[in-house]
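Produce the complete structure using the sequences and hints provided.
There are 4 protein chains.
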Amino acid sequence: DQSLVIAGRTFSSRLMTGTGKYPSLEVMQQSIVASGCEIVTVAVRRVQTKAPGHEGLAEAIDWGKIWMLPNTAGCKTAEEAVRVARLGREMAKLLGQEDNNFIKLEVIPDAKYLLPDPIGTLEAAQQLVKEGFAVLPYINADPLLARHLEDAGCVTVMPLGSPIGSGMGIRNIDNIRIIVEQAQIPVVVDAGIGTPSEAAAAMELGADALLINSAIALAQNPVFMAEAMGQATRAGRLAYLAGRIPCKAYASASSPLTGTIV
Amino acid sequence: DQSLVIAGRTFSSRLMTGTGKYPSLEVMQQSIVASGCEIVTVAVRRVQTKAPGHEGLAEAIDWGKIWMLPNTAGCKTAEEAVRVARLGREMAKLLGQEDNNFIKLEVIPDAKYLLPDPIGTLEAAQQLVKEGFAVLPYINADPLLARHLEDAGCVTVMPLGSPIGSGMGIRNIDNIRIIVEQAQIPVVVDAGIGTPSEAAAAMELGADALLINSAIALAQNPVFMAEAMGQATRAGRLAYLAGRIPCKAYASASSPLTGTIV
Amino acid sequence: DQSLVIAGRTFSSRLMTGTGKYPSLEVMQQSIVASGCEIVTVAVRRVQTKAPGHEGLAEAIDWGKIWMLPNTAGCKTAEEAVRVARLGREMAKLLGQEDNNFIKLEVIPDAKYLLPDPIGTLEAAQQLVKEGFAVLPYINADPLLARHLEDAGCVTVMPLGSPIGSGMGIRNIDNIRIIVEQAQIPVVVDAGIGTPSEAAAAMELGADALLINSAIALAQNPVFMAEAMGQATRAGRLAYLAGRIPCKAYASASSPLTGTIV
Amino acid sequence: DQSLVIAGRTFSSRLMTGTGKYPSLEVMQQSIVASGCEIVTVAVRRVQTKAPGHEGLAEAIDWGKIWMLPNTAGCKTAEEAVRVARLGREMAKLLGQEDNNFIKLEVIPDAKYLLPDPIGTLEAAQQLVKEGFAVLPYINADPLLARHLEDAGCVTVMPLGSPIGSGMGIRNIDNIRIIVEQAQIPVVVDAGIGTPSEAAAAMELGADALLINSAIALAQNPVFMAEAMGQATRAGRLAYLAGRIPCKAYASASSPLTGTIV
Numbered sequence: 001d002q003s004l005v006i007a008g009r010t011f012s013s014r015l016m017t018g019t020g021k022y023p024s025l026e027v028m029q030q031s032i033v034a035s036g037c038e039i040v041t042v043a044v045r046r047v048q049t050k051a052p053g054h055e056g057l058a059e060a061i062d063w064g065k066i067w068m069l070p071n072t073a074g075c076k077t078a079e080e081a082v083r084v085a086r087l088g089r090e091m092a093k094l095l096g097q098e099d100n101n102f103i104k105l106e107v108i109p110d111a112k113y114l115l116p117d118p119i120g121t122l123e124a125a126q127q128l129v130k131e132g133f134a135v136l137p138y139i140n141a142d143p144l145l146a147r148h149l150e151d152a153g154c155v156t157v158m159p160l161g162s163p164i165g166s167g168m169g170i171r172n173i174d175n176i177r178i179i180v181e182q183a184q185i186p187v188v189v190d191a192g193i194g195t196p197s198e199a200a201a202a203m204e205l206g207a208d209a210l211l212i213n214s215a216i217a218l219a220q221n222p223v224f225m226a227e228a229m230g231q232a233t234r235a236g237r238l239a240y241l242a243g244r245i246p247c248k249a250y251a252s253a254s255s256p257l258t259g260t261i262v
Numbered sequence: 001d002q003s004l005v006i007a008g009r010t011f012s013s014r015l016m017t018g019t020g021k022y023p024s025l026e027v028m029q030q031s032i033v034a035s036g037c038e039i040v041t042v043a044v045r046r047v048q049t050k051a052p053g054h055e056g057l058a059e060a061i062d063w064g065k066i067w068m069l070p071n072t073a074g075c076k077t078a079e080e081a082v083r084v085a086r087l088g089r090e091m092a093k094l095l096g097q098e099d100n101n102f103i104k105l106e107v108i109p110d111a112k113y114l115l116p117d118p119i120g121t122l123e124a125a126q127q128l129v130k131e132g133f134a135v136l137p138y139i140n141a142d143p144l145l146a147r148h149l150e151d152a153g154c155v156t157v158m159p160l161g162s163p164i165g166s167g168m169g170i171r172n173i174d175n176i177r178i179i180v181e182q183a184q185i186p187v188v189v190d191a192g193i194g195t196p197s198e199a200a201a202a203m204e205l206g207a208d209a210l211l212i213n214s215a216i217a218l219a220q221n222p223v224f225m226a227e228a229m230g231q232a233t234r235a236g237r238l239a240y241l242a243g244r245i246p247c248k249a250y251a252s253a254s255s256p257l258t259g260t261i262v
Numbered sequence: 001d002q003s004l005v006i007a008g009r010t011f012s013s014r015l016m017t018g019t020g021k022y023p024s025l026e027v028m029q030q031s032i033v034a035s036g037c038e039i040v041t042v043a044v045r046r047v048q049t050k051a052p053g054h055e056g057l058a059e060a061i062d063w064g065k066i067w068m069l070p071n072t073a074g075c076k077t078a079e080e081a082v083r084v085a086r087l088g089r090e091m092a093k094l095l096g097q098e099d100n101n102f103i104k105l106e107v108i109p110d111a112k113y114l115l116p117d118p119i120g121t122l123e124a125a126q127q128l129v130k131e132g133f134a135v136l137p138y139i140n141a142d143p144l145l146a147r148h149l150e151d152a153g154c155v156t157v158m159p160l161g162s163p164i165g166s167g168m169g170i171r172n173i174d175n176i177r178i179i180v181e182q183a184q185i186p187v188v189v190d191a192g193i194g195t196p197s198e199a200a201a202a203m204e205l206g207a208d209a210l211l212i213n214s215a216i217a218l219a220q221n222p223v224f225m226a227e228a229m230g231q232a233t234r235a236g237r238l239a240y241l242a243g244r245i246p247c248k249a250y251a252s253a254s255s256p257l258t259g260t261i262v
Numbered sequence: 001d002q003s004l005v006i007a008g009r010t011f012s013s014r015l016m017t018g019t020g021k022y023p024s025l026e027v028m029q030q031s032i033v034a035s036g037c038e039i040v041t042v043a044v045r046r047v048q049t050k051a052p053g054h055e056g057l058a059e060a061i062d063w064g065k066i067w068m069l070p071n072t073a074g075c076k077t078a079e080e081a082v083r084v085a086r087l088g089r090e091m092a093k094l095l096g097q098e099d100n101n102f103i104k105l106e107v108i109p110d111a112k113y114l115l116p117d118p119i120g121t122l123e124a125a126q127q128l129v130k131e132g133f134a135v136l137p138y139i140n141a142d143p144l145l146a147r148h149l150e151d152a153g154c155v156t157v158m159p160l161g162s163p164i165g166s167g168m169g170i171r172n173i174d175n176i177r178i179i180v181e182q183a184q185i186p187v188v189v190d191a192g193i194g195t196p197s198e199a200a201a202a203m204e205l206g207a208d209a210l211l212i213n214s215a216i217a218l219a220q221n222p223v224f225m226a227e228a229m230g231q232a233t234r235a236g237r238l239a240y241l242a243g244r245i246p247c248k249a250y251a252s253a254s255s256p257l258t259g260t261i262v
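Residue numbers (this note's numbering), protein chains in the order written: chain Y, 1 to 262; chain R, 1 to 262; chain E, 1 to 262; chain H, 1 to 262.
It is possible that part of the hints are untrue.
[As the list claims (entries may be wrong)] Pairs of lysine to aspartate or glutamate residues, derived as DMTMM-like cross-links and limited to a Cα-Cα distance of at most 25 Å, are as follows:
(1) E:LYS112 / R:GLU181
(2) R:LYS248 / Y:GLU150
(3) H:LYS248 / R:GLU98
(4) Y:LYS76 / H:GLU150
(5) E:LYS248 / Y:ASP174
(6) R:LYS130 / E:GLU123
(7) R:LYS76 / E:ASP110
(8) R:LYS76 / E:GLU150
(9) H:LYS76 / Y:ASP174
(10) H:LYS76 / Y:ASP151
(11) R:LYS112 / E:GLU150
(12) E:LYS112 / R:GLU150
(13) H:LYS76 / Y:GLU123
(14) Y:LYS76 / H:GLU98
(15) Y:LYS65 / Y:GLU55
(16) R:LYS248 / H:ASP174
(17) E:LYS76 / R:GLU181
(18) E:LYS76 / R:GLU150
(19) R:LYS76 / E:GLU181
(20) Y:LYS248 / R:GLU80
(21) H:LYS76 / Y:GLU181
(22) Y:LYS248 / E:ASP174
(23) Y:LYS76 / H:GLU90
(24) Y:LYS248 / E:ASP151
(25) Y:LYS76 / H:GLU80
(26) Y:LYS112 / H:ASP174
(27) H:LYS248 / E:ASP110
(28) H:LYS112 / Y:GLU181
(29) H:LYS130 / Y:GLU123
(30) Y:LYS112 / H:ASP151
(31) Y:LYS112 / H:GLU181
(32) H:LYS76 / Y:ASP110
(33) H:LYS112 / Y:ASP174
(34) R:LYS248 / Y:ASP174
(35) E:LYS76 / R:ASP110
(36) E:LYS248 / Y:GLU181
(37) Y:LYS76 / H:GLU181
(38) R:LYS76 / E:GLU26
Simulated from the structure, these hints should not be mistaken for laboratory data.
Right, here's the structure in full:
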C-alpha cells in the first residue's frame, strides 16, 4: 500500500483524531496513542481562549511525533476563519512545528447542525491558498464543490458523513463515492462516524483517510474505542486494496456437490 | 475481554473461516493464517467425495492449531444431515482431534438461496444432541427458532446475515439483535458478510463470533481480505466493549465557544 | 389488474385493517371506511373477554360489507390457538357470516417483541386445515417456513415486516422478496408498517396485500392516515404492474443536446 | 390541507412532471393527465433545437391547464443558464402564458452524474432574480446553499434525491429533512425518485412537492406509473398531516389481555 501523502508530507496512519470532549487529558493522551494516529486536529480558538477542557491541552501532546492540524472551529465567516488560520500557524510554530502550514478550514454559520457554508468556505480557501497555507476544507459532500476547492489549490477535501458529533455514520455515501472517484487530492471523511464499522465502510469505498473525534472521546471507554477505530481504518483500507466480492441477489454454494456419500 | 467459549472449549479469536472456493490450497493456507482464526469449517461431503478443490484439503491444514468444525453442507433433510454429521466426527478423529464432537448443522433443501429449513434443522439438532454432538445450527435469523434450538441443547446458534456467498451483508439486523439479546449461548453470524465493515457491524451489536468464507476466498486478494476480516472482527468486539456514543439527529460541538479572540 | 383471491373469495382492496388501539369506535368506523378496506381482523380473545376498547366492537362494524378475519392474538401455544380459532368461527357465524372459515393464526409466546413461534404455528396450521379452516398464518419472514405452511394447505402466508406496532417498516425486505417469488398463495405483509411509503414499498416488490393496524389507529389523525394507507397500497400495486425503471449508479440525461442555441 | 403556493401562484397538485424520454407524445399526454399534475417542466434548449422527441412537444400540451416550468437543462455555466432562462420566458409567452416568469435553474457542468454547480447556480440565481424571474434552482441537498438561495430571493429550492434518471431514490434524507426544517419557501424534491414509495417518503418528511420525470416516462407502462406517482404524492402529504406513529425497537400489543377464555 502506498502511504497517505498530503501536501508532500507522508503519513503511515490514515486515521486522524481530535482533542475535544475527552473526560481528561490523560485519557486523551492514551487514546491518541491507542489509535495509532499521526495527525491531531486542534481548535485554535478553544486553545487561545482556554475554553473548558483546553487548558494545557496543546502542551499535553508530543508534537515531535504528532503532526498538528489547527482548525478554525467556531468561525462563522470566511473572514473570521482566515484570521484564525493565521493564529493557528503561529500556534504550530510556537509548539515547534516551524514548517507546519496545514489548516483545517471550517466556516460554520449554523449552530444546530454545524454544517459548513459552501460559499464562505470556498472564499476562505482561495485566500488561504494565496497566503501559502495547505488547506484542508471541511465540506458537505458536494462533488462539484469538492472540484472547485481542488481547483482552488486545496490539498484535501474533507466531506462530512453526517453532522459533527451525531454518530449517525455515513449518510450520503453516493456523494462521497463520487467525490472519491473524481478527486486527484486525498479525500478525508470527517464528522459523523460513530463506530468502527462506519469507519471501515468509508475506507472500503476508497476514502484516503478519516478524522474521528467524538466517537472516540465520548465513548464509554475512549481508549478501547480509539484502538478499535485504528484497527477498523486499517481493515477498511486493506479491504479496498484486496477487492471485495460482488453483491449478488442469490446464494452461491461452496462447490458443486456432484458426488454423494449417503 | 472474556474469551469465546463454545461447549466448554475456549477460543481467543472470534472469527471462523472456511475452506471452499479458494483459488489454491496455498492461498487457503495463507489466508487462514492471516485471518488469525482458530476454527475452520469443512464440508464433510465435499471432502469425502473429493469434490473439485477439496482433494488434499483436509491434509493441508494444521489441525494441531486449528479446531475443525465439520459441516453438513449439501444435506437437504434432517436424516441426511445426521448421517453426514456422524461421518464428520469420524473425519475429525482420523485427523487427530479425538475429542472433537462439534458439528455445524446445515439442512438446506433450497438450491437457489441456500436458506435453511427450520423444521428439519430442529429435528436433526434434537437427534444429534442425543448422540452427544456439540451442535452449531445454521439458521434464518428467527428469534423463536433460536430459542427452540437453545432449549434443545445446541451450543451456539448461527443466524445468517444474508444468503451464503451473496456478499449482501447483514440484512436482518433487528432479528439478529433480538437473538443476541435473548440467547444464553454464543451467537455466531454466518453467511452474507462481504466486507470488514459488515463484520465489524455484526460484532458491534453483540454477536459473539463470525463465520466468513466466500468474502475471503473469492476476494481478489484473499490473504489481504483475511487479514482485514480478522482486524475488523477484533475492532467490532472492542467497540462493543468500549460502548459507542448515542446517535443524535443534531450536531454536537466540541465545547462551548464563550470566549472570543477575533 | 387481477383481484386478490384468498381461499376462492375475491377482494378488490388489497389493504386489510384491524380494530385495536383506536381512540374510539367512531374513529375506528370512519377509518375503516376511509381506508377502503374489505377485510378487518378482530382479536377473538379480546372480544370474548370484553377487553378495554373491545366492548361493542364487533357490533360496530357492518359485516354485510366487511369480511371478518378473526385472529388468535394472545395465544402462546398451538393448542390455545386452535381453541380460539374455533371460537372465532362461532363468532363470525353469530355475526352473520355463516360461510366464514377464515382464521388469522398467531402463536406468540414472546411478550416483548410479539414474534411468532414457527414450530407452534406450523403445528396449529396443520390441525386447523384438517378442521376445514382457511388459515392465514402470521410468521417471521422465513421462506422455508412459508413453504411448509403452503404445503400444509394454508391459504396465505403473512410475514411480518418488523415487530407488531413498532412502526419500523420492512426490515427484512430480501426475505419477503424471496417469499413472494416462491409462493403460489397470496403473500400478505403484516406488522411493522408505519407509513404509506413503507406500505407502497411492500406492494412494489410484489406483495399481494397488506395488513395495517397500529400505524392507522395510533396516528394523530387516524382517518387521514387510513386514507393515505389505502392510496399508498393502490399506488404500490399499480407501480408493480407498471414496471419500474432500473436503478443506475450514474445519471441519465433527458436527451442528447447535440444542437446549440446560445 | 393548505395548497402549494409558489411565487404567489396556487397549485392543488404537489407533483410536477417533465416531458423528456417518453416513448411518444401520446403517452406523454396521457401520463400527464393520469398524474394529475399542474406543472410540467420543459427543456428550453431541447425545444429550441428540436432535439429528438421534442418536435411538436410544446404544442402537445394544453397550456391553458398546465403551468409551464421552463428549465435550463444543458447549461454548463451561469452565463449560459441566464441566456436560456430569457429564451424560456419568451417561449412561455409565445405559448400563451404572458405572466409566466418561472424558471427551473440548472447549471450542470458534469455530464456523468448531472450534479449541479453550487457556485454557478447561486450566481445565476442572483442575476435572474434581479431580472424579475421566479427562480426554482436545482441543487445538491446542501442546507447552507439552500439558505443562500432563499436569501437571494429564489421562490423554491429543488434538492436532488439522487442523480437525474438514476432511480436510486432519496439517498441523502437527513440533509433534505434539514432543508425542509429551515426553509421558509417550498422545498421540491427533484431527481432520483424511482418508485411511488420513494415519492411518498419524500412527502412524509415534509417536502412541499416533487418533480418526477424519468421514473414515469421510462416505466414499462408510463400511464400507470404516472397515476401511481400522483396517488403516492397525495398519500405522503396526507400522512405528513396525519402524524405518523413513533418508531419503537419493541413490539406493542393491541391491548392488554387480562381476561382469559381458554
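Outcome of the hint check:
no.	hint	in the structure
1	E:LYS112 / R:GLU181	12 Å, holds
2	R:LYS248 / Y:GLU150	31 Å, violated
3	H:LYS248 / R:GLU98	49 Å, violated
4	Y:LYS76 / H:GLU150	19 Å, holds
5	E:LYS248 / Y:ASP174	12 Å, holds
6	R:LYS130 / E:GLU123	23 Å, holds
7	R:LYS76 / E:ASP110	30 Å, violated
8	R:LYS76 / E:GLU150	19 Å, holds
9	H:LYS76 / Y:ASP174	22 Å, holds
10	H:LYS76 / Y:ASP151	17 Å, holds
11	R:LYS112 / E:GLU150	19 Å, holds
12	E:LYS112 / R:GLU150	19 Å, holds
13	H:LYS76 / Y:GLU123	21 Å, holds
14	Y:LYS76 / H:GLU98	43 Å, violated
15	Y:LYS65 / Y:GLU55	21 Å, holds
16	R:LYS248 / H:ASP174	12 Å, holds
17	E:LYS76 / R:GLU181	21 Å, holds
18	E:LYS76 / R:GLU150	19 Å, holds
19	R:LYS76 / E:GLU181	21 Å, holds
20	Y:LYS248 / R:GLU80	28 Å, violated
21	H:LYS76 / Y:GLU181	21 Å, holds
22	Y:LYS248 / E:ASP174	12 Å, holds
23	Y:LYS76 / H:GLU90	42 Å, violated
24	Y:LYS248 / E:ASP151	28 Å, violated
25	Y:LYS76 / H:GLU80	32 Å, violated
26	Y:LYS112 / H:ASP174	13 Å, holds
27	H:LYS248 / E:ASP110	16 Å, holds
28	H:LYS112 / Y:GLU181	12 Å, holds
29	H:LYS130 / Y:GLU123	23 Å, holds
30	Y:LYS112 / H:ASP151	19 Å, holds
31	Y:LYS112 / H:GLU181	12 Å, holds
32	H:LYS76 / Y:ASP110	30 Å, violated
33	H:LYS112 / Y:ASP174	13 Å, holds
34	R:LYS248 / Y:ASP174	22 Å, holds
35	E:LYS76 / R:ASP110	30 Å, violated
36	E:LYS248 / Y:GLU181	16 Å, holds
37	Y:LYS76 / H:GLU181	21 Å, holds
38	R:LYS76 / E:GLU26	53 Å, violated
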